[in-house]
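Asks: Protein chains in written order, with numbering that gives the first Met the number 0: chain A, 0 to 415; chain B, 0 to 415.
Simulated from the structure, these hints should not be mistaken for lab results.
Incorrect hints may have been included.
[As the list claims (entries may be wrong)] 20 Å max Cα-Cα, derived EDC-like pairs, lysine to aspartate or glutamate:
hint, chain 1, residue 1, chain 2, residue 2
1, B, Lys130, B, Glu143
2, A, Lys213, B, Glu196
3, B, Lys213, A, Glu383
4, A, Lys213, B, Glu209
5, B, Lys213, A, Asp268
6, A, Lys213, B, Asp164
Protein chains: 2
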Amino acid sequence: MKLIEKANQKALSRMLSADPVLIDVIPASEAIPDLKSHMILHAGPPIAWENMCGPMQGAIAGIAKFEGWSNSLEDAFEKAAAGAFDFHPNHHFDAVGPMTGMTTISQPLMVVENRKFGNKAYCALNEGLGKVMRFGGNDDSVLERLSWLRDDFGPAFGKALRSGDGIPLKHLVARGLTMGDEMHQRNVACSGLILRELAPALARTSSDNEELAKILAFIGGNDQFFLNVGMAMGKAIMDPVRGIEGSSVVTAMCRNGTEFGIRVSGTGDQWFTAPVEMPEGLYFPGYTEADANPDMGDSTIVETIGLGGFAMGASPAVAGFVGAGAASDAGNFTRTMSEITTGENPEWTIPAMDYLGVPTGIDIRMVLDTGLAPTINTGIAHKEPGVGQVGAGVVRAPMKCFEQALIAFAESVGVK
Amino acid sequence: MKLIEKANQKALSRMLSADPVLIDVIPASEAIPDLKSHMILHAGPPIAWENMCGPMQGAIAGIAKFEGWSNSLEDAFEKAAAGAFDFHPNHHFDAVGPMTGMTTISQPLMVVENRKFGNKAYCALNEGLGKVMRFGGNDDSVLERLSWLRDDFGPAFGKALRSGDGIPLKHLVARGLTMGDEMHQRNVACSGLILRELAPALARTSSDNEELAKILAFIGGNDQFFLNVGMAMGKAIMDPVRGIEGSSVVTAMCRNGTEFGIRVSGTGDQWFTAPVEMPEGLYFPGYTEADANPDMGDSTIVETIGLGGFAMGASPAVAGFVGAGAASDAGNFTRTMSEITTGENPEWTIPAMDYLGVPTGIDIRMVLDTGLAPTINTGIAHKEPGVGQVGAGVVRAPMKCFEQALIAFAESVGVK
């Protein structure tokens, strides 16, 4: 087993030495040259149109209309069913996306560069709360917001970032952890820290102050703005951890609303999937569990790097929001997750737990040994297309993914 | 004793129903018409020049030069000793000021209106960290920054505030408590929340984007920016609590670097003073307790309303900064302070303590009954003029103030 320990230490060391910096916002076609017309990247492991859940299909209809590949939502549904679009996971193109996770050629993508290893990762801009495409929303208000993000917000944000040396994210996240964020369901602190870092550059590079005011208000009014930054950061941190021979550390966790998928360092880019579970949580007024879609999105990349449910102890206020019990017990989630991780992150610490580092580097062996599946803080989408978010909760990664992964991993190190 | 309980409930009810809103920034001469040339308002209870500590004298020399009342610091010292300036407490003019607390005619003052009771309170702008006048700094860099605040920052900030309906502070502070601020030695969250509230209005009312960028960077780079807002808020909340017959609730606590003073509702505007104590804390590199000035400033108004040391449980990260022991024990300070307060604030709660309201309304009888003096989180100034901040720590209000106050209070309710 010495080989595995050594490989996992190497994996942990790559995670801890990562230097993620938010450097730009550019059109997806520029960020990902292999992304072409009629290609749609989605959250989670690979999936065919007929197996997609309601909100995922709703988002696809919306983004097809947005890109001008169909004239109406109805037309888009028909075209999708007829095979007019190519579907691929974001993860296959250095990208991630929250919930439905739509990525297409004309959307602006944030670019996070891992300066330690030179790789880049991409994520679309957070649309705000309410009716939004990531939760399956697809009406005119959703598409108009996406147009503004593409035509105004994205270019202005990119210009401001390029005018400086980017925003280093490691220290920013460390501050956020001292301010009650866990960076999955609570991002109010980090969103504010991004705003204060970037506001002067936005002012210096803007020529239309009414538009500038709108941009500042959009960031300032969106408590989840940082989520997508944190996701691109997570992808940028984890990609260099892929393919370390003999490492049993998880490099990606994601869901497409139908299946949950994980990747393990030692088994390369193979997906291990299982039916995704239903979050347990709290619902917005007027909605119940009967309305809920099963768990969805690439956002579990934040748990993969030790944030989200793993950093719950930093965020007692999120415990109530996701229905995870008493706020004062939030630290229990973090303590439990430290039973399935290779180490702690000494730069991302939780003051209320006397500066315990967040549990980092999920080891599939420890998951199976302890029977403790990773805890994920998540948003809950309505199961029908076009509705949007109906709640937030906690969900566990399905144990079956880890069982399959362990079998393949054992084979990879020569154990039958 | 029923009379006193009833009076204290009235005091608490006025505190809890307060509606403080940051509405403007205007020159002190306009805010306080009674403030004239050669008048200098200072922190704490009344004090004569010869009894003032080093940093207070240093700040006075600096502000006299800033106002053009003397040509040099040496000249200002001589003039002050010769009686050329009138000294009064900020508290006598609806104002408060941190540390040395200098308030003079040309300085811009923030205006907080208590919309429930119609009264207003004032505080100068926070200068940032490092060598600053509130810690006794008085060199050219200090005076240049004050000029910029007067000529550029203050007017722009005021214009932006006037373009809207002001920034309501009650909810903003509630959010800050969920983000690790206690609003005395830690204000990073509330400073960011103010920035995001005001940035759009600053953009809309600005005509010079280079200057706008400088203003946004100044707020964004000053983690203590909110302290002075919170102080004006505290004064605006407490002033309507003054003079309630039979109430033993503390309406003000403050220090001038030599003496600590308190006011009690039932005894009106009388000061009860005692020699101020030395904070116990942590010192910046190169400094020790031998360099420290005793406790100073009007900022203890935040403890008077249940924040600062009273809200330590919301801010485990501040415990280490002020040298108050383990971060995980921060809640003990809050629990202890609830033994000397009339009630809790149901709108200002601490998630990590399962939404306990901050202890509110210090009752001098309970202070003496329990022997527990109010705990204050404070900055520490160098004892010599012109140096600046050397550390941060925790200090107790002197018990002697409460002993004297109780004697006068007993007389006020007819007990000899």
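Asks: Look at each hint and say if it fits the structure.
Replies: We went through each hint and held it up to the structure:
For the proposed pair B/Lys130 and B/Glu143, the alpha carbon gap of about 12 Å is at most 20 Å, so the pair holds. For the hint pairing A/Lys213 with B/Glu196, the CA-to-CA distance comes to about 12 Å; that is within 20 Å, so the pair holds. For the given pair, B/Lys213 sits about 48 Å from A/Glu383 by alpha-carbon distance, which is inconsistent with the 20 Å threshold. With a C-alpha separation of about 18 Å, the suggested pair A/Lys213 and B/Glu209 falls inside the 20 Å cut-off, and the hint holds.
About 47 Å separates the Cα atoms of B/Lys213 and A/Asp268, which puts this hinted pair outside 20 Å; it is violated. With a C-alpha separation of about 18 Å, the suggested pair A/Lys213 and B/Asp164 falls inside the 20 Å cut-off, and the hint holds.
Figure legend: structure checked against the earlier numbered hints; hints not met, in rising order: 3 and 5.
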